[in-house]
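S.K.: What follows is the residue order along each chain.
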Amino acid sequence: MVDPLRRVGWFLAISLLAACHSTPIRGQPDLLDFITDGSTTRVQVIARLGEPYRRLQASQVCTYRLSHDEGGRFVSLGQGEASWTDLDASLVLVFDENAVLRRHSVVTVREP
Amino acid sequence: MKYLAVLLLVLTTSGCVPIIYSARYEAPSRQNLSDAVPAFIESGRTTMADVLLALGDPDTIAADESWIAYVSSYREGGGGAALVLVSSSSAGLLGGAFKEMLYRRLLVHFDATGIVTAATLDLVNCSNTDVFVGDASGSMAPCFDVTSTDIVARTLVANLQEAGETNVVVYRRAELLPTHQRGMVAVSDTAIHFVATGIYRTPRFPDIDIALADLTGAELGGHAFHLSAEGRRRVTLKREDAEIATFVVLAENGDDASRTTEAGELVSQRIAAVRRTDQFSRSPVVTPDGTQ
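Going line by line, the protein sequences match chains A and B. Sequential numbering from 1 applies to the first sequence in the working numbering. Sequential numbering from 1 applies to the second sequence in the working numbering.
Hints in this document: simulated from the structure, not taken from any laboratory. Some hints here could point you the wrong way.
Under 7 Å between C-beta atoms, here's a sample of chain A residues computed to sit facing chain B [unchecked claim]:
#: 1; residue: Q57
#: 2; residue: V61
#: 3; residue: T63
#: 4; residue: S83
#: 5; residue: W84
#: 6; residue: T85
#: 7; residue: S90
#: 8; residue: V92
#: 9; residue: V94
#: 10; residue: S105
#: 11; residue: V107
#: 12; residue: V109
#: 13; residue: R110
Calculated from the model, a selection of chain A residues having no Cβ within reach of chain B, i.e. all distances over 12 Å [claimed, not checked]:
#: 14; residue: I25
#: 15; residue: G71
#: 16; residue: N98
Have a look at the derived ranges for each label pair, beta carbon to beta carbon [claimed, not checked]:
#: 17; chain 1: A; residue 1: F74; chain 2: B; residue 2: E240; range: 44 to 54 Å
#: 18; chain 1: A; residue 1: G50; chain 2: B; residue 2: V133; range: 34 to 44 Å
#: 19; chain 1: A; residue 1: E111; chain 2: B; residue 2: D35; range: 12 to 22 Å
#: 20; chain 1: B; residue 1: H109; chain 2: A; residue 2: G50; range: 23 to 33 Å
#: 21; chain 1: A; residue 1: T108; chain 2: B; residue 2: H109; range: 23 to 33 Å
#: 22; chain 1: B; residue 1: Q269; chain 2: A; residue 2: G50; range: 39 to 49 Å
For every residue, glycine included, the Cβ atom is placed at its ideal position computed from N, Cα and C.
Make the full structure from the sequences, and use the hints.
M.R.: This is the structure in structure tokens:
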């Protein structure tokens, strides 16, 4: 009979070693596929992508900064204002007065 | 004898190497600006949303959203030289290099409804300097402010002057403690203001406006400049025994202590002046015949 505590200990040790071994893939190829002009709401966007990097014009315009890895795109804060280090694109979403997406774009800001 | 041997070893294995910088964008820079204002931007027609949808998130935005700035930093070339110092136990560089830079800044102004009122694109050529000492390297203050704090400061001064404040001095890079919120400190004859900059999360950090007449003093605290945040010189604004706000001024050359001391002394002088004026206005007026 293996001690359950010892089993948990082994599991944790192996998990931690696995985490050290490689950088986890954060990107998703379909990250932005749910976004559709005319139907996606601001609440849905925030539920999927988190709090926007910036809200303008009383939240009618929201922006996210995007990075990518081999798995696809992911939302990143980067290293602060005026710095696009490790980032390559900007997601811009324009909502109407009912918080429904009117227009959006993914702008390539720097070469990946 | 031992030291002579080390010196000889250093001299015989040392050499001067050229440093050549190739042309490319700096690592933090955006790369989607051209040399002119994009043709789609038309005053009186284009909206803020149109600009963002085409160019992405801006690099700086005014607190009141009256303007946004896009900045790119392109290194056109440059170079220098460094002496390679090798000893039996370590190796390092001693030298410097310059970088010829081309900065582009697209500045777009909007009216209260978010329609473009003006757009300009500035091209600025200047040089930045890198210094190598030992196994460390560093850059001198860049020749162009990519965060556009110059525009933020100019707008701040104009707004304060419009509100009737005089002799406004702005410290463009400051930090409020203990939150470490970055911003600007503006000191006028009658008030001190902290305006947050570098905001990337909402809600926005609120501005702080304190009338100098409400303060009893500005106290310089902390030790002389030290790398740890805890040991930094700071200015604490006080009312009676209570702390109202504490800030540190950041210097381009790294000498934060001197800039903070300078700001603290200015605030103290201005508070003293306000108190003198206040006392004078409250003291009874004595007429030449002795009546009050």
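S.K.: Each hint should be assessed against the structure and marked as holding or not.
M.R.: Quick rundown of the hints versus the structure:
1. Checking Q57/A against chain B by beta carbon gives a least distance of about 6 Å; that is within 7 Å, so the hint holds.
2. Proximity of V61/A to chain B holds as hinted, the smallest CB-CB distance being about 5 Å (cut-off 7 Å).
3. For T63/A, the interface hint holds, the least distance from its beta-carbon to any beta-carbon of chain B being 4 Å, beneath 7 Å.
4. Hint status for S83/A: holds, given a least beta-carbon distance of 4 Å to chain B, under 7 Å.
5. Hint status for W84/A relative to chain B: holds, with the closest Cβ pair at about 5 Å, below 7 Å.
6. Here the hint on T85/A is kept, as its CB sits about 5 Å from the closest CB of chain B, short of 7 Å.
7. For S90/A, the suggested interface contact is upheld, since its CB lies about 3 Å from the closest CB of chain B, less than 7 Å.
8. With its C-beta approaching chain B no nearer than about 5 Å, V92/A sits inside the 7 Å limit, and its interface hint holds.
9. The beta carbon of V94/A is positioned within 7 Å of a beta carbon in chain B (closest approach about 4 Å), and the interface hint is therefore held.
10. With a cut of 7 Å, the hint placing S105/A at the interface with chain B holds, because the nearest CB-to-CB distance is about 4 Å.
11. Given hint, V107/A at the interface with chain B, holds; its Cβ is 4 Å from that chain's nearest Cβ, closer than 7 Å.
12. The beta carbon of V109/A is positioned within 7 Å of a beta carbon in chain B (closest approach about 5 Å), and the interface hint is therefore held.
13. Satisfaction of the interface hint for R110/A is found here, the shortest Cβ-Cβ separation to chain B being roughly 4 Å, below the 7 Å cut-off.
14. No beta-carbon of chain B is positioned within 12 Å of the beta-carbon of I25/A; the least distance is around 23 Å.
15. Against chain B, the non-interface label of G71/A holds: every CB pair exceeds 12 Å, the least being about 22 Å.
16. With a cut of 12 Å on Cβ distances, N98/A stays outside the contact zone with chain B, its closest approach being about 16 Å.
17. Distance hint for F74/A and E240/B: a CB-CB separation of about 51 Å, consistent with the stated range 44 to 54 Å.
18. For G50/A paired with V133/B, a C-beta distance near 42 Å keeps the hint of 34 to 44 Å intact.
19. For E111/A and D35/B, the Cβ-Cβ distance of about 18 Å falls inside the hinted range of 12 to 22 Å, so the restraint holds.
20. Range check, H109/B to G50/A: Cβ separation about 31 Å, and the 23 to 33 Å hint holds.
21. Taken as a hint, the range 23 to 33 Å holds for the pair T108/A and H109/B, whose Cβ atoms sit roughly 25 Å apart.
22. About 47 Å separates the C-beta atoms of Q269/B and G50/A, a value consistent with the hinted range of 39 to 49 Å.
Checked against the numbered hints given earlier, this structure breaks none of them.
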